[in-house]
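From first to last, the protein sequence lines stand for chains A and B. The opening position of the first sequence corresponds to residue 1053 in the working numbering, with each subsequent residue numbered one higher. The opening position of the second sequence corresponds to residue 813 in the working numbering, with each subsequent residue numbered one higher.
Keep in mind that the hints were calculated from the coordinates and are not lab data. A couple of the hints might just be wrong.
[Claimed, not checked] So, partial list: chain B residues that the calculated Cβ filter (under 7 Å) puts toward chain A:
#1 817
#2 821
#3 929
#4 931
#5 935
#6 943
#7 1026
#8 1027
#9 1067
#10 1070
#11 1071
#12 1087
#13 1095
The beta-carbon is built from N, C-alpha and C at its ideal position, and this holds for glycine as well.
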Amino acid sequence: MKRILSMALAATMLTTPAMAETVKIGFVTTLTTGAAVIGKDMENAVNLAMDHLGGMAGDTKLEVVFGDDQFAPEAGKQVTDKLVKQDDVDVVAGYIWSHVLLASRKSVLDAGKILISANAGPSQIAGKLCSENFFSTSWQNDQTPMAMGEVLNQQGVKSLYIMAPNYAAGKNMVAGVERTFQGEVKGKDLTKWGADAQLDFSAELAKAKASGAEGIFVFYPGAAAGAFIKQYHQAGLKDTMPLYSVFTVDALSLPRLQAADFESVLGSRVTQQWDPSLDNAANKKFVDDFKAKYGGYPSFYAAQSYDAIMLIASAVEAVGGDMSNQDAFRAAIKAADFDSVRGDFAFGTNNMPVQNFYLREVVADADGNWTTKVVATVYENHVDSYAAECSMN
Amino acid sequence: MDLSLLVIQMLNGLQLGLLLFLVASGLTLVFGILDFVNLAHGALYMLGAFFCATLTFALGNFLLAVVVSIPIMAAVGWVLERVLAQPLYARNHLDHVLGTFGAILVIDTLVHLIWGPEGIQVPLPDYLEGQVPLWGDVVVPTFRLLIIGAGLGAAGLLFWLVNYTRLGMLIRAGASNRTMVSALGINIEMLFALVFALGAALAGLAGMLIAPITEASIGMGNNIIITAFVVIIVGGIGSMKGAFIAALMIGLIDTLGRSFLDDIFKLAMSTESAETSAPAVSAMLIYIIMAAVLAFRPQGLFPPKVR
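Starting from the given sequences, assemble the full structure and let the hints guide the process.
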């Protein structure tokens, strides 16, 4: 029995075609648990990108293998190991959550493969743990809340109450807004996070109201977004404590909030490096085709994932599909010669994007669907605060 | 410290405690009388939320949807008891755990297949979305008052059921000595099915009440079930009074801990360490209490009078 098996195995080895190489991309995202809605959006964007590319980068075939991190660092690391060792992918991309990325990065970088984050941007990986093989098509966590801090200063907000989940990215968001906000922080709450995150914020909202702060800053991605906005609406705080948020109000939560009629979110302010209304050809095509295929606006998670695939395809095409020359491939990725949905795209010294950040407002579009639109540019070509800590140059 | 803030936080704690009681009461009945470890109780909580969410959209009225969903959940509980629990009664607790854990996975996947991976936000009528000024500065969202009312109502109903009806007498007898009840000629199978259905209806009601505040999402039962087990361990397995008092206690301690622990810590340590340690410690508080109860009074604070 064993002999027949080993002979069959040898036979399959011999018959592997040596011609057109397939470049395999491993994409890690959250496909189960309550946060699966984000993973689904990223998966949709990746599939749309593959459609637009026709599954090819020049003459090389592209293949995407999805992995599910189940919103937990242990599972994320395991699935990353599987992609790197068992599926032997050429590039690993994805990662919604900072703590999952931090747990999984070594598995990819130690194998000498390129790692591209399509969302998570923990400070460590932009600074001390930077690597020539790590790139980001999203942002560094602190940048978006730093932009929000600037906005708060410009709007003359004197005091703030802060709420965020208690994990790596939550702490980055708090650090970011505190870095630029010049007023008084009246109180701060870091709530329990993870697969069984705290979703009832009654105690924290009561504290926020009692503090008398002029505004409330929150970061609640995924399922917690709907829960928070709902409770904010039910507490009647819209007029006394306007909502300033990052990564909370997006194309994923807005349709559900609209279905449940939570008007408190209209008019609220958000900062981000991308918006569906950005005026460039790549973005128009992306947003229009996404709406046509999937029936709703893409979120920033989707935009970043789409950019990641396009970036990889541009680099694969630049090296002519020859993945054996890692240095050339890496240089092609760093050159970032592709049409990003956010317009001009360039990497900084620590391989994080140097990009604009916009102030956006939640509005109803011409069809009455709730979405966001750009109101002002807060930062131009912003470099993150940890670039100096990175030893590469 | 602000008195009105304290009052509001105590009301929040009361609300959390009553929701925990709704879940824990069913669990303690099933564990106490049927001697069946039902991990899938959290899945029933989730199913209640989803049924109510769908019916709210179908019927256009949240309160009507709740009224219709409760008997549906009781029926689901009945079916689950026949299919899942009955074959496992003769086995040991580990087999119960394995069986009901499998049931959780199956139910989660079924919900994923039927309703999709996203959660459902439940729309409420305008009169439930506002706030109610109670006195002075104390303003509470209307819906939370509704939860407190519903929780107290359910607790009252259970109190009447357990203490003043024949069924309640059988339940209390079954909690004390199941074999004797069966030997006395009571149809123990019918009693078990009824108790299971009652537990499912209560858990479903809790899910229906929390969904408009958070959302109906897959896996929402998995963390409430752990807290519910803590409640029944602290209160005493099989005891409704124990479940009620322990649930309120844990709800209050958890809420007050999250509200005031960082201020208390700031008195003893630097702001930075207080802000990092307070959320971690307040998340641990209820387990510390459970550990203390298990160490000093393992039968729970109000165990039923036994055998």
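Verification of the supplied hints:
For residue 817(B), the interface hint holds, the least distance from its beta-carbon to any beta-carbon of chain A being 4 Å, beneath 7 Å. Given the 7 Å rule on beta carbons, the hint for residue 821(B) holds: about 6 Å separates it from the nearest Cβ of chain A. Residue-level restraint check for residue 929(B) holds (minimum Cβ-Cβ distance to chain A is 4 Å; threshold 7 Å). A cut of 7 Å between beta carbons decides the hint on residue 931(B): the least distance to chain A is about 6 Å, and the hint holds.
For residue 935(B), the suggested interface contact is upheld, since its CB lies about 4 Å from the closest CB of chain A, less than 7 Å. The beta carbon of residue 943(B) is positioned within 7 Å of a beta carbon in chain A (closest approach about 5 Å), and the interface hint is therefore held. Interface restraint check for residue 1026(B): the shortest CB-CB distance to chain A comes to about 4 Å, inside 7 Å, so the restraint holds. Because the beta carbon of residue 1027(B) sits about 5 Å from the nearest beta carbon in chain A, less than 7 Å, this interface hint is met.
For the restraint placing residue 1067(B) at the interface with chain A, the shortest Cβ-Cβ distance is roughly 5 Å, inside the 7 Å limit, so the hint holds. The restraint placing residue 1070(B) at the interface with chain A holds, with a minimum CB-CB distance near 5 Å, inside the 7 Å limit. Hint status for residue 1071(B): holds, given a least beta-carbon distance of 5 Å to chain A, under 7 Å. Annotation: interface hint on residue 1087(B) holds; nearest CB of chain A at approximately 6 Å, less than 7 Å.
At its closest, the beta carbon of residue 1095(B) sits 5 Å from a beta carbon of chain A; the interface hint therefore holds under the 7 Å criterion.
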